[in-house]
Every structure is written in C-alpha cells, then in structure tokens.
Amino acid sequence: FVFIVAFFLLERSSVLAQTYCEDKPKILFYRRGEAELVSSDGENSENHVVVSNLNKELLACVSSRNVEWTYEGEGEPSKFQESSNVDIQKYEDGSISYCLTSQITFYNKQSDTELSKHTGRYICREIGNNTNTASVYVYAS
Numbered sequence: 315f316v317f318i319v320a321f322f323l324l325e326r327s328s329v330l331a332q333t334y335c336e337d338k339p340k341i342l343f344y345r346r347g348e349a350e351l352v353s354s355d356g357e358n359s360e361n362h363v364v365v366s367n368l369n370k371e372l373l374a375c376v377s378s379r380n381v382e383w384t385y386e387g388e389g390e391p392s393k394f395q396e397s398s399n400v401d402i403q404k405y406e407d408g409s410i411s412y413c414l415t416s417q418i419t420f421y422n423k424q425s426d427t428e429l430s431k432h433t434g435r436y437i438c439r440e441i442g443n444n445t446n447t448a449s450v451y452v453y454a455s
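Residues in the sequence shown are numbered from 315 upward in steps of one, following the numbering used here.
Errors might be hidden in some of the hints.
Think about it this way: if two alpha-carbon atoms lie no more than 30 Å apart in a straight line, the pair counts; the simulated DSSO-like pairs of lysine-lysine are [what the hints assert, rightly or not]:
| id | residue 1 | residue 2 |
| --- | --- | --- |
| 1 | K404 | K431 |
| 2 | K340 | K404 |
| 3 | K370 | K338 |
| 4 | K404 | K338 |
| 5 | K431 | K340 |
| 6 | K431 | K370 |
| 7 | K338 | K431 |
In short, the hints are calculated from the structure, not lab data. Model, not experiment: these values are computed from the prediction.
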C-alpha cells in the first residue's frame, strides 16, 4: 500500500515539478495529495513542516540538476527511502530541458514508537555544487 501511495505521489510530483524546476533546488511537501513549496535557498532556511503521518507524507526536491539528500539533527531517522524521476521537455525551437524530482519517503521501524527521531533538517544539495542547496526543518510528532 505504501508503495502505491508513493508511486501515485511521485507521478503527481513530476507534473507539479515543472512549475518549480530551476537551476536552484526547491523542496515540496506532500500531505494528503496536496503539495506545498516549503524551502528557500540555503542550508539554514527558517522554513519548517510538521509531519504526523509518516506513511502519507513525503518531501520532494525539484531541480534541473542531480541532487542528493542529507539529514542534520539530534534525531536518528530509522530509515528513509529516496526515489527519483526525470522529466524531459522538448520545445519547438529544438531546445531541451530536464527536471529531476527526488523524493524521500519516511518509514518507521516496527519497534519505533518515537516519531520525533525523524525531527531535524533535511537538505537537498546539488551534486558537485555544495553551495546550491535548499532545506527544510521537519518536526515529527
């Protein structure tokens, strides 16, 4: 069931991603099928989200370049799964644009009862350019 939900959200995210796709990464937060732009440039963004249902909420990073996710914080996320999708747009003038959507889905170990372990800063960073980042602070409760 979680896989089906994640696949559905990834498909929806690729459509929405074209709206936000730029050279600088942007982070979208998906909850109940709705997306919200939650990031700003840099690792020290003041933006935050509250996650309460790990099986139905995810973060997606949208960029025209390859990106990777990192976690910073006092927590200890038990696991998160990363998946990616690339949209290619061809225009009448022959130009091509690429938009990468990299999403992370949070998972709890069955023994985990503390969602707060997922609390911390999640950073989406362009591979090969550490200054090109977006971040959001996640409060898991």
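Results for each hint:
no., hint, verdict
1, K404 - K431, "violated (43 Å)"
2, K340 - K404, "holds (22 Å)"
3, K370 - K338, "holds (26 Å)"
4, K404 - K338, "holds (21 Å)"
5, K431 - K340, "holds (24 Å)"
6, K431 - K370, "holds (17 Å)"
7, K338 - K431, "holds (29 Å)"
Checked against the numbered hints above, the structure violates only hint 1.
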